[in-house]
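Colleague: Residue strings, one per chain:
2 protein chains.
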Amino acid sequence: MANQSFIPPQRILMGPGPSDVSPRVLEAVGRPTIGHLDPAFVGMMDDMKSLLQYAFKTDNALTFPVSAPGSAGMETCFANLVEPGDKVIICQNGVFGGRMKENVIRGGATPVMVEDEWGKVVDPGKLEDALKANPDAKIVAFVHAETSTGAQSDAQTLVKLAHQYDCLTIVDAVTSLGGSPLKVDEWEIDAIYSGTQKCLSSPPGLSPVSFNEHAAEVIKSRKTPVQSWFLDLNLVMGYWGSGAKRAYHHTAPINNLYGLHEALVILKEEGLENSWARHEAMHQALRAGFEAMGLSFVVKEGDRLPQLNAVTIPDGIDDAEVRGKLLNDYNLEIGAGLGALAGKVWRVGLMGHAANRHNVVYCLSALETVLSQLGAGIEKGVAVEAAMAKL
Amino acid sequence: MANQSFIPPQRILMGPGPSDVSPRVLEAVGRPTIGHLDPAFVGMMDDMKSLLQYAFKTDNALTFPVSAPGSAGMETCFANLVEPGDKVIICQNGVFGGRMKENVIRGGATPVMVEDEWGKVVDPGKLEDALKANPDAKIVAFVHAETSTGAQSDAQTLVKLAHQYDCLTIVDAVTSLGGSPLKVDEWEIDAIYSGTQKCLSSPPGLSPVSFNEHAAEVIKSRKTPVQSWFLDLNLVMGYWGSGAKRAYHHTAPINNLYGLHEALVILKEEGLENSWARHEAMHQALRAGFEAMGLSFVVKEGDRLPQLNAVTIPDGIDDAEVRGKLLNDYNLEIGAGLGALAGKVWRVGLMGHAANRHNVVYCLSALETVLSQLGAGIEKGVAVEAAMAKL
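Note that the protein sequences, when read in sequence, are chains A and B. Following my numbering, the residues of the first sequence are numbered contiguously, the last one being 412. Following my numbering, the residues of the second sequence are numbered contiguously, the last one being 412.
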């Protein structure tokens with residue numbers, strides 16, 4: 022295939038993202054490119070902002086998609102809110118808290134780590150201890166929905182605590198946005214970032230962010246320039262801000278934005294709460310199947326994200342062999358474990374367009390077949406039967 | 022159109038980019054999303070690298086597309102090569118040298134500006150004076166093809182000078198790559214970045230970069246961490262580097278990469294040198310038409326980029342009115358002037374897929390019509406006739 026057109030295989034994406042992209046979104050992505058200052062495009066940008074406000078449940082004016090993937094959305098929050106010398110409390114219970122720490126260090130600030138076991142939610146008690154011990158802390162950051170484990174922390178409680186100690190909050194909602202309850206204004210989150218390739222089911226490459234007025238004020242009144250020119254919101258808002266006049270900052274990823282816009286239109290058509298309920302229903306069916314198959318969840322009941330199901334790999338079964346067979350024989354992608362969980366768990370996503378009945382049944386059928394082939398002693402048909410009873 | 026599907030108008034893009042995207046590339050962008058660690062995708066990544074090496078005329082192993090627009094490609098070069106306290110000589114002859122300066126300052130380093138008038142090429146004599154006066158300079162940076170004016174500097178001579186004084190070089194080739202001669206290895210460029218939405222005619226959102234071994238060594242042996250986690254090449258290369266094992270760093274913009282891959286396949290099918298020749302031929306025809314119409318170029322003959330034609334707006338003609346009419350009445354986008362040239366020039370792009378005969382004739386016809394309507398005293402038909410004689 023050297024230097025020839027690339028025709029991707031038609032996969033079913035049930036890993037930790039990207040998730041299956043709907044034909045409507047793919048069609049939108051392929052529409053003719055127009056200019057980033059074209060009045061028609063600027064009109065779409067305004068509409069995009071209102072749709073993102075809907076998805077985040079916020080009225081924040083400073084709500085838009087960063088022109089790069091979720092990691093750049095994280096960096097946008099940290100680079101704009103953190104100044105050298107600041108102290109930032111980071112609650113880590115998986116991979117992505119570690120990335121936050123890297124962002125803080127590279128910004129010349131001091132991270133204070135509050136660690137919870139991977140697979141557990143963030144413990145508010147530990148956060149409060151850290152807040153008491155660090156009265157000079159400026160920011161509390163945590164991951165709402167840990168993509169590496171499937172744990173869902175109580176964002177509202179953590180934000181309330183942070184505010185009691187006069188800290189701003191930065192929340193990672195990469196995997197939660199669109200898939201499970203997230204209420205930016207009601208929970209009083211100051212700064213939040215997400216991704217497009219999870220529960221919004223748009224291709225990767227953009228990171229929706231939102232900042233409340235308090236966070237926006239902190240950015241405007243910085244003592245030092247933002248380290249990144251590309252991510253400096255004081256400049257980016259000349260392009261994404263409101264008002265008729267949009268100034269060129271960088272060239273926006275036009276076609277990717279078409280895709281995100283269409284994905285958000287689809288989300289609004291379904292209704293945000295209906296989308297949350299669909300993710301939960303599909304999760305319950307998948308869970309019934311997994312349990313019938315004897316697979317156990319990494320995260321305890323009540324703390325689980327419906328859209329990211331991390332389950333323990335049975336003894337004697339080789340992780341890579343199973344995922345390879347699922348991909349090659351059934352065109353089905355599920356995710357591997359990250360960090361300490363590598364080789365020990367599978368991460369099965371039910372995200373956005375991929376959170377549907379076909380996928381639940383297909384995934385259970387394929388996994389049952391492959392595990393049986395490898396002698397895992399799975400009783401035939403029980404997983405699908407258990408799931409079907411819930412669908 | 023509130024919260025409804027966005028159907029963009031079908032424009033003809035003859036501004037400074039994005040340029041017209043071919044139907045083949047749009048089709049590629051709309052293909053089914055697959056995972057960023059899928060073996061099929063990893064195979065495409067390897068092929069992409071070889072195609073980018075072809076386009077850059079380099080054997081550099083460290084050649085890949087950054088997962089964000091050209092401004093992030095610029096920042097990738099500066100953030101990885103510059104350390105706090107370094108001195109960087111920047112040759113500025115338009116908007117983008119100013120952006121380089123911002124990158125250097127935000128990296129805690131000291132910029133030394135070598136300024137040339139906008140519309141002029143970078144003067145090697147001035148650079149040599151600056152190199153003599155700053156023996157502690159570590160890097161020389163300049164724009165090969167100034168998108169704000171259409172001036173094409175002599176990259177080979179500037180790089181040779183920089184090397185004589187033991188400086189590394191960072192070259193902005195956002196507008197040159199694929200459209201006019203650029204030879205990374207032969208000219209011994211150390212670090213270079215480009216964009217996809219100019220002469221490659223792929224949607225915006227990616228920035229091809231290339232680093233030679235010397236630059237790669239400097240990055241590996243940094244004393245301080247790269248300020249940006251997202252752009253840190255020491256980490257990014259775990260994903261884009263060679264070898265069978267690709268480690269997750271961030272989620273790549275899958276569908277955008279499909280588009281860039283297809284655009285590069287098209288470039289290779291045509292042949293790089295043939296693409297350069299086509300841009301030059303279309304430029305000569307457009308130029309004949311503009312001159313017949315009485316429009317004069319900002320840049321003197323011999324220093325002009327074929328793909329970016331900046332021409333002076335006739336006295337008494339309102340910039341915005343003309344561009345508005347072209348866009349609304351003829352679906353034709355041409356570019357406005359930037360910075361000091363705002364309101365004084367138009368920037369007409371002939372980039373990639375857009376550098377074709379139809380566009381040359383259509384642009385001249387539309388501009389002639391609009392200028393006549395506004396009483397500019399254009400003799401009818403002479404522009405198209407002059408262009409046709411060259412086509």
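Careful, some of the hints might be misleading.
Unchecked claim - Using 20 Å as the maximum straight-line C-alpha spacing, the simulated PhoX-like pairs for lysine-lysine come out as follows:
{"#": "1", "chain 1": "B", "residue 1": "K365", "chain 2": "A", "residue 2": "K266"}
{"#": "2", "chain 1": "A", "residue 1": "K365", "chain 2": "B", "residue 2": "K401"}
{"#": "3", "chain 1": "B", "residue 1": "K181", "chain 2": "A", "residue 2": "K266"}
{"#": "4", "chain 1": "B", "residue 1": "K365", "chain 2": "A", "residue 2": "K346"}
{"#": "5", "chain 1": "A", "residue 1": "K411", "chain 2": "A", "residue 2": "K401"}
{"#": "6", "chain 1": "A", "residue 1": "K78", "chain 2": "A", "residue 2": "K141"}
{"#": "7", "chain 1": "A", "residue 1": "K401", "chain 2": "A", "residue 2": "K141"}
Calculated from the structure, these hints are not laboratory results.
Colleague: So, for every hint listed, does it hold in this structure?
Modeller: Status of the hints after comparison with the structure:
A hinted pair counts as satisfied when its Cα atoms are at most 20 Å apart, and K365 (chain B) with K266 (chain A) qualifies at roughly 19 Å. With a CA separation close to 75 Å, the supplied pair K365 (chain A) and K401 (chain B) exceeds the 20 Å bound. For the proposed pair K181 (chain B) and K266 (chain A), the alpha carbon gap of about 43 Å is over 20 Å, so the pair is violated. With a C-alpha separation of about 63 Å, the suggested pair K365 (chain B) and K346 (chain A) falls outside the 20 Å cut-off, and the hint is violated.
A threshold of 20 Å between alpha carbons decides the hint, and for K411 (chain A) with K401 (chain A) the separation of about 18 Å falls inside it, so the pair holds. A C-alpha spacing of about 26 Å is found between K78 (chain A) and K141 (chain A), which places the hinted pair above 20 Å, so the restraint is violated. Taken as a hint, the K401 (chain A) and K141 (chain A) pair is broken in the structure, with Cα atoms around 32 Å apart against an allowance of 20 Å.
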